[in-house]
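Chemist: Listed below are the residues making up each chain.
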Amino acid sequence: MRKSARPPFTIKTTMNANIYLPDLMEVVQVRQQTADVKSVRIRFRDEERARAFSFRVGQFGIFSAFGAGESPFNLCSSSNWQDFIEFCFRRTGRVTEALWNIDEGDIVGFRGPYGNAYPMDKWRGKNLIFIGGGIAMPPIRCAIWYALENRDQYGQITIVYGSRKVGDLVFQNELDRWAEYDNVRVVTCVDPGGETPDWKGEIGFVPTVVQQADISAENAIALVIGPPIMIQFTLPVLSKIGLGDSDIYTSLENRMKCGVGKCGRCNCGPAYVCKEGPVFTLEQIKRLPKDF
Amino acid sequence: MSEILSSATLRRLVDQWITEGRHVAGPRLVNDRLLYGWLESAGQLTLDGETRPRNSIKDFLFPRHEKLYGYKLGRKRVELTEVAPLVDEQIVIAARPCDAALGPILDRVFNWDYSDATYNRRRELTTIVTLACQSFDAQCFCTSVGSGPDDPRGSDVMLHALDEGILEIRCLTEKGRRLFAGQTEPSALKAQVGAGPEIRFDLGKVGEFLEGGFEDAQWPEMARRCLGCGVCAYTCPTCHCFDIVDEGAGGQGVRARNWDACQFGMFTLHAAGHNPRSQQAQRQRQRIYHKFRIYPQKFGTLLCTGCGNCTRNCPVGLGVQPVLSAISRKMQSNDEL
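Chains as they are written, first to last, in my numbering: chain A, 1 to 292; chain B, 1 to 337.
In short, the hints are calculated from the structure, not lab data. Beta carbons: idealized from backbone N, C-alpha and C, even for Gly. Heads up, a few of these hints could be off.
[What the hints assert, rightly or not] The calculated lysine-lysine pairs, modelled on DSS-like cross-linking and capped at a C-alpha distance of 25 Å, are: (1) LYS286/A with LYS126/A; (2) LYS286/A with LYS122/A; (3) LYS190/B with LYS175/B; (4) LYS205/B with LYS290/A; (5) LYS38/A with LYS76/B; (6) LYS298/B with LYS290/A.
[Said to hold, decoys possible] Incomplete in silico selection of chain B near chain A, CB under 8 Å: (7) TYR69; (8) LYS76; (9) LEU80; (10) GLY212; (11) PHE214; (12) GLU215; (13) ASP243; (14) VAL245; (15) TRP259; (16) CYS262; (17) PHE267; (18) LEU269; (19) HIS270.
With the rest of the complex left out, here is chain A (with noise of 0.2 Å):
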């Protein structure tokens, strides 16, 4: 067996903090996204927990609707706005289920921030090209506000953003927001037959649509998160604009319920997504084991 470097170990005794409790949020805004996706913003009921709050984009909670269960999500706000922070779900389960009932007042609660982040202090100073697929939109979307926040501080802006049909978009209100800003090219694409009689984007499927977008990777890092077909479609793309492993990243979404690395079923081999993750690198992804 072969032994790696041991981290060290010491018990820290925290008797009264119990890791599992979360913060009781309130409801502030309910937004009903697409037929089955909906945004919630939500707010610390208490002062002090929400001074003391910080997290950094890419990182995840995990949301609870008492009664019916946890389920973790990716804070798609972005980190410099104070008032609240923001989720967005599509119904499909029994704790999506209930969350898809509450309305503005209602309390929910939180853990977190936990995992990693996208390494935003890194990508300073790069060109960002940010490409996402149906529900996937919301944790890029968290990147594009903090990097639109701070324009100054990153270079030209490249979203790509496809969907199966038009209904399907997310965060639409949003996509001509960003379209605004200097520097920053939004095209949108539906998959074949999705288009409705006004629809002005891109027909076609996620990984055509990057390729004929003529999208120059110098000086580039590439953010890609979507259904695993879209992702295993679109990367041979990158590389052959000219993007290397190390520029291109993503987030990976395992099943996860504790979110601190004890529960042991979002492994991908060796790497504890809730942990080491849910951020990865395509260099650090083709180390791993197909365990995803």
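Starting from the structure of chain A, add chain B where the hints point.
Modeler: Showing chain B alone in chain A's frame:
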């Protein structure tokens, strides 16, 4: 010189501890089967018979069902109530060394980065009195994973059975010394420790295989007869995967953590339908990799104590030892070619 006490004294102490309000657990016969359980009196404590209980002492440090906190829903209101922390001392008596070792192993899981206060509290309040092994069955393989019949890891006290109801006692920690202060006597008798079960596989060869064997054809082959019942994980001292669920009705209830197992198909199922481990072979592989590569790379020791419960309880004769023996044999025959 050594220290000894009689099994009669031990039983008297067990009764005394119970009377004093401490929770005492140990091997007891339940429907003719040896299982670790809470003792109501020392008479239930079974010090001989089967090689080891079919379950593990995991229950006493990391219960199969544990309330994390309570919730009560009102109109636009949620009230969370903390669960009263454990206050009573727990003593596990006659644990096997392959059970006692779980403490230091689970400590790492429950304390890397985030400290799990409930677990730590339970651990601090628990004293583990281990009984060194003298008999082994065909499923025991502690010696194959670098352990043995009197491995002191995780034990506060080590007992060795001598002749005629006499036990040699070695108090290994302050907790252990406190428990038996004034109850033992010096003696010239000294326990002879046997060699333990024969070595059943070559751990080095297993490590070599796991290095590059993730996609080996052996996994589907070996997993074919697995029923996916999860009994291996439930009776394992070191398996610690859990689920977090809300249990309640009528607007109030508890959020609890329950044991879970990587052998279940739902374990890794994504909300969108994708499942990274949709096949039983992938789940079997995960269990072996977690124990013999992932955990060791993180924490420096194996996530397996060689107790053999996975195989002892398996309806189809799988479990760690048969799988690793097959791997080890395969690697050895490769060497010979």
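Chemist: Could you check if HIS270/B really has its C-beta closer than 8 Å to a C-beta on chain A?
Modeler: It holds, given that the least Cβ distance between HIS270/B and chain A is near 6 Å, below 8 Å.
Chemist: For a C-alpha distance cap of 25 Å, please report whether LYS190/B and LYS175/B respect it.
Modeler: With a Cα-Cα distance of about 23 Å, the restraint between LYS190/B and LYS175/B holds, given a limit of 25 Å.
Chemist: LYS205/B and LYS290/A were given as a pair; does the straight-line alpha-carbon distance stay at or below 25 Å?
Modeler: 22 Å, holds
Chemist: The hint names VAL245/B as touching chain A; please verify it with the least Cβ-Cβ distance against 8 Å.
Modeler: 6 Å, holds
Chemist: Hold the hint about GLU215/B up to the distance rule: shortest CB distance to chain A must be less than 8 Å.
Modeler: 7 Å, holds
Chemist: Double-check GLY212/B for me: the hint is only fine if its C-beta lies closer than 8 Å to a C-beta in chain A.
Modeler: 10 Å, violated
Chemist: Take the C-alpha atoms of LYS286/A and LYS126/A, compute the straight-line distance between them, and say whether it is at most 25 Å.
Modeler: 23 Å, holds
Chemist: Per the CB criterion, is TRP259/B less than 8 Å away from chain A?
Modeler: 10 Å, violated
Chemist: The hint names TYR69/B as touching chain A; please verify it with the least Cβ-Cβ distance against 8 Å.
Modeler: 6 Å, holds
Chemist: Do the alpha carbons of LYS298/B and LYS290/A lie within 25 Å of each other, as the hint requires?
Modeler: 19 Å, holds
Chemist: Closer than 8 Å between Cβ atoms is the bar; does PHE267/B clear it against chain A? Give me holds or violated.
Modeler: Holds, because the Cβ-Cβ distance from PHE267/B to chain A comes to roughly 5 Å (cut-off 8 Å).
Chemist: Against the 25 Å threshold, does the CA-CA distance of LYS38/A and LYS76/B hold or violate the hint?
Modeler: Since the Cα atoms of LYS38/A and LYS76/B sit roughly 20 Å apart, the hinted pair holds (cutoff 25 Å).
In this structure, the earlier hints numbered 10 and 15 are contradicted, and the remaining ones agree with it.
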